[in-house]
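In the order they appear, the protein sequences are chains C and A. The first sequence begins at 1 in this note's numbering and counts up one residue at a time. The second sequence begins at 1 in this note's numbering and counts up one residue at a time.
The reader is advised that the hints may include incorrect statements.
If chains are identical, the list can't say which one is meant, so a pair holds when it fits in one copy or spans any two.
As the list claims (entries may be wrong) - SDA-like cross-link-like pairs, simulated, lysine to any residue; straight-line CA separation at most 20 Å:
| hint | residue 1 | residue 2 |
| --- | --- | --- |
| 1 | LYS219 | THR187 |
| 2 | LYS82 | GLN211 |
| 3 | LYS82 | ALA5 |
| 4 | LYS274 | SER224 |
| 5 | LYS274 | HIS128 |
| 6 | LYS283 | ALA378 |
| 7 | LYS267 | SER223 |
| 8 | LYS137 | ARG354 |
| 9 | LYS13 | ILE344 |
| 10 | LYS137 | ASP65 |
If you are wondering where the hints come from, they were derived from the structure by calculation, not from laboratory data. All figures in this text were calculated on a predicted structure; none of them were measured in a lab.
2 protein chains.
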Amino acid sequence: MISVADALAAVLKLGSPVDVELVPLIDADGRVLAQDVAATRDQPPFSASAMDGYAISTVDVAAGDTFTVIGEAAAGHRFDGKIDDGQAVRIFTGAPLPVGAQRVIIQEDVTRAGSSITLRENIDKGHHIRPSGGDFKVGDLLTAPRRLGPSDVALLASMNVALVPVRRRPVVAIIATGDELVSPGETPRDDQIIASNSLGLAAMFRRAGAQTRLLPIAKDTASSLEMDLSLAEGADLLVTIGGASVGDRDIVAEVAGTMGLERDFYKVAMRPGKPLMAGRIGKMAMIGLPGNPVSSMVCGELFIRPLLDHFLGLPAGPRARISLPLAQPLDANSQREHYMRANIEDGAVRAFDRQDSSLLTVLAQANALIVRPPNDPARAAGERTEVIAL
Amino acid sequence: MISVADALAAVLKLGSPVDVELVPLIDADGRVLAQDVAATRDQPPFSASAMDGYAISTVDVAAGDTFTVIGEAAAGHRFDGKIDDGQAVRIFTGAPLPVGAQRVIIQEDVTRAGSSITLRENIDKGHHIRPSGGDFKVGDLLTAPRRLGPSDVALLASMNVALVPVRRRPVVAIIATGDELVSPGETPRDDQIIASNSLGLAAMFRRAGAQTRLLPIAKDTASSLEMDLSLAEGADLLVTIGGASVGDRDIVAEVAGTMGLERDFYKVAMRPGKPLMAGRIGKMAMIGLPGNPVSSMVCGELFIRPLLDHFLGLPAGPRARISLPLAQPLDANSQREHYMRANIEDGAVRAFDRQDSSLLTVLAQANALIVRPPNDPARAAGERTEVIAL
Chain C
1 MISVADALAA VLKLGSPVDV ELVPLIDADG RVLAQDVAAT RDQPPFSASA MDGYAISTVD
61 VAAGDTFTVI GEAAAGHRFD GKIDDGQAVR IFTGAPLPVG AQRVIIQEDV TRAGSSITLR
121 ENIDKGHHIR PSGGDFKVGD LLTAPRRLGP SDVALLASMN VALVPVRRRP VVAIIATGDE
181 LVSPGETPRD DQIIASNSLG LAAMFRRAGA QTRLLPIAKD TASSLEMDLS LAEGADLLVT
241 IGGASVGDRD IVAEVAGTMG LERDFYKVAM RPGKPLMAGR IGKMAMIGLP GNPVSSMVCG
301 ELFIRPLLDH FLGLPAGPRA RISLPLAQPL DANSQREHYM RANIEDGAVR AFDRQDSSLL
361 TVLAQANALI VRPPNDPARA AGERTEVIAL
Chain A
1 MISVADALAA VLKLGSPVDV ELVPLIDADG RVLAQDVAAT RDQPPFSASA MDGYAISTVD
61 VAAGDTFTVI GEAAAGHRFD GKIDDGQAVR IFTGAPLPVG AQRVIIQEDV TRAGSSITLR
121 ENIDKGHHIR PSGGDFKVGD LLTAPRRLGP SDVALLASMN VALVPVRRRP VVAIIATGDE
181 LVSPGETPRD DQIIASNSLG LAAMFRRAGA QTRLLPIAKD TASSLEMDLS LAEGADLLVT
241 IGGASVGDRD IVAEVAGTMG LERDFYKVAM RPGKPLMAGR IGKMAMIGLP GNPVSSMVCG
301 ELFIRPLLDH FLGLPAGPRA RISLPLAQPL DANSQREHYM RANIEDGAVR AFDRQDSSLL
361 TVLAQANALI VRPPNDPARA AGERTEVIAL
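Sequences and hints are given; from them, build the entire structure.
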């Protein structure tokens, strides 16, 4: 058995960042930027008015000053002349600043009569000019790696980056194993259950940026597993669920072994999830998750999400932890690291009473995991503990 | 001008929950459950072993007790006989408990010789039985409304719910308006800029559960806007960007007016985003966002995301706020509510120095908005302020 930290370090060595592909900007949200991209123009590309009002050629003005309006500038419609002393150009937000303009007087601060404006008392002191390149300049970079969000998409559009270099989605093949399993929608025998982990994990992996390949449920026979394993070929990562202790044999490891598995570890000192296996078949990383639903989902959070970050070229390491006070006391922990299903509420964290690794109802209600180190003593309510938000 | 709270209340009256559709469970992640769904079976469907070990028919045992192994039970493979006194069945995690079994002795606590096992000293006191229905029972509900996540998908699978009733994705048509705009990838003239808001907003709305229909950029002419507005027909929500003050006219409102717009409000006492318009054209909700990139994205967060929650049948209201100390002082606020771009770091929040509503570089770096009430006085570092996490 190895520690959780050692197991994660070994898992992260199983893969390396995948290839780069260009995607249209409209499809870039959620993808991971793979290379720095540079603005192809200044933004704004010209000095522009920040308000609706009147552009004038001087900065120092007084109440009662009058100006003759000689034209108009709107967004997309530049005023072609030049503003001299005593002149003004009617201007709208976003319009290019006319030649000679030094300041924009907001429209609420003038009285207009025909083509003449007169400044009122106590006018706004701002100049209301957005300087050329004030947001960014040609060559300014959005730096990789970065998981792109809606604001990044808007920024890239504004930089006129229409095709975005991102990591392709790593392909994760998923195999649930077990004679007791049937797919949702089928009619199970009395001694069978529904395969739940594969769909839940597929959703988790897709959210993390992967493409998933859900393979048929494998029976606990060599031939069934061999067929499924062959269908996984070409994936970046193969995730098997269950089968680590079927009867007295670890049939997944046996069959994967005949297909070239180099096994890195097969047990981790943690709850839930002790029977976690990791290795490589050729170029493909392989992780064997425990069959208990909660164990497999928790191990997905702790090990596979960081590995997917690594495939995507992002900084990859242990899930971020926050420190929160306990809402109620906890018993002493065993010698294995324990990831307790919990809820964060009103700034404190509360573990669920029932921590059995088969309880999906509990996991679905949880929004956090409390991390208990090995042999952590009993803790009182109010003591701070480390928490991973889900 | 109306307050932000009044504006949001009016926006939420523009729509109502959309229809329900059935989706395969594999596509249910991120969708909003529309109706309670009931488990079609108990989970586990039988009392099961929680460990690998030996099932016996008694609870009270002592070191040195011996049992004869009469068979085996594995997941998916029930033992068909009955266990009597002095007998044991080899059993594996998840296997149905044989008739007569009262307790499972974990395998580390026995010595096996042929078909006989002998209990060791100081054995584990647990019974290691997962009772039938211990996770959930037939008829137990997953209650709507609920935005489904990976653990919910696993739970629904386990409940054998293969088709899930969810709200269909509300359709949002998006029209950017302005003679100054060209699409990303085109070559703008000197006085033009790239349309950035429509793609950023589309990404935001898709994340919130919508389906987006990006319409062509509309010129500031009645005919161009009329064409685009006609293309929006059938959408649940039409979002226009810009055009609220083109020259001296509000051309979007004018053209929408000829198409039957019942306008609810057109100005909100906030920064950024004062020129925000809302109303309805027939059955379609319409929101006119300001053209400044940051204004449109912030208004999307504050008004359109709650409206999409409402379309999806979720509880809808103001974005959740948290209270955090300021990392640095803030000047007094004006009479308009101010949503300042900011970063949460190390438990404190820091506003960006530059708050102009044209700066996408600042928005892309921000992970939060500081909410300043109207006329909020100057604040010192360390004072707590309300924050919306982005």
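Status of each hint after checking the structure:
1. LYS219 x THR187: So LYS219 and THR187 pass the 20 Å test inside one copy only (17 Å; across, 58 Å).
2. LYS82 x GLN211: neither (57 Å within a copy, 47 Å between copies)
3. LYS82 x ALA5: neither (68 Å within a copy, 45 Å between copies)
4. LYS274 x SER224: neither (25 Å within a copy, 64 Å between copies)
5. LYS274 x HIS128: Between. Shortest inter-copy distance 16 Å satisfies the 20 Å Cα cut-off; intra-copy 63 Å does not.
6. LYS283 x ALA378: neither (44 Å within a copy, 60 Å between copies)
7. LYS267 x SER223: The answer is neither: 25 Å in one copy and 69 Å across copies each exceed 20 Å.
8. LYS137 x ARG354: between (57 Å within a copy, 16 Å between copies)
9. LYS13 x ILE344: Answer is neither; intra-copy 33 Å and inter-copy 32 Å both fail.
10. LYS137 x ASP65: neither (36 Å within a copy, 82 Å between copies)
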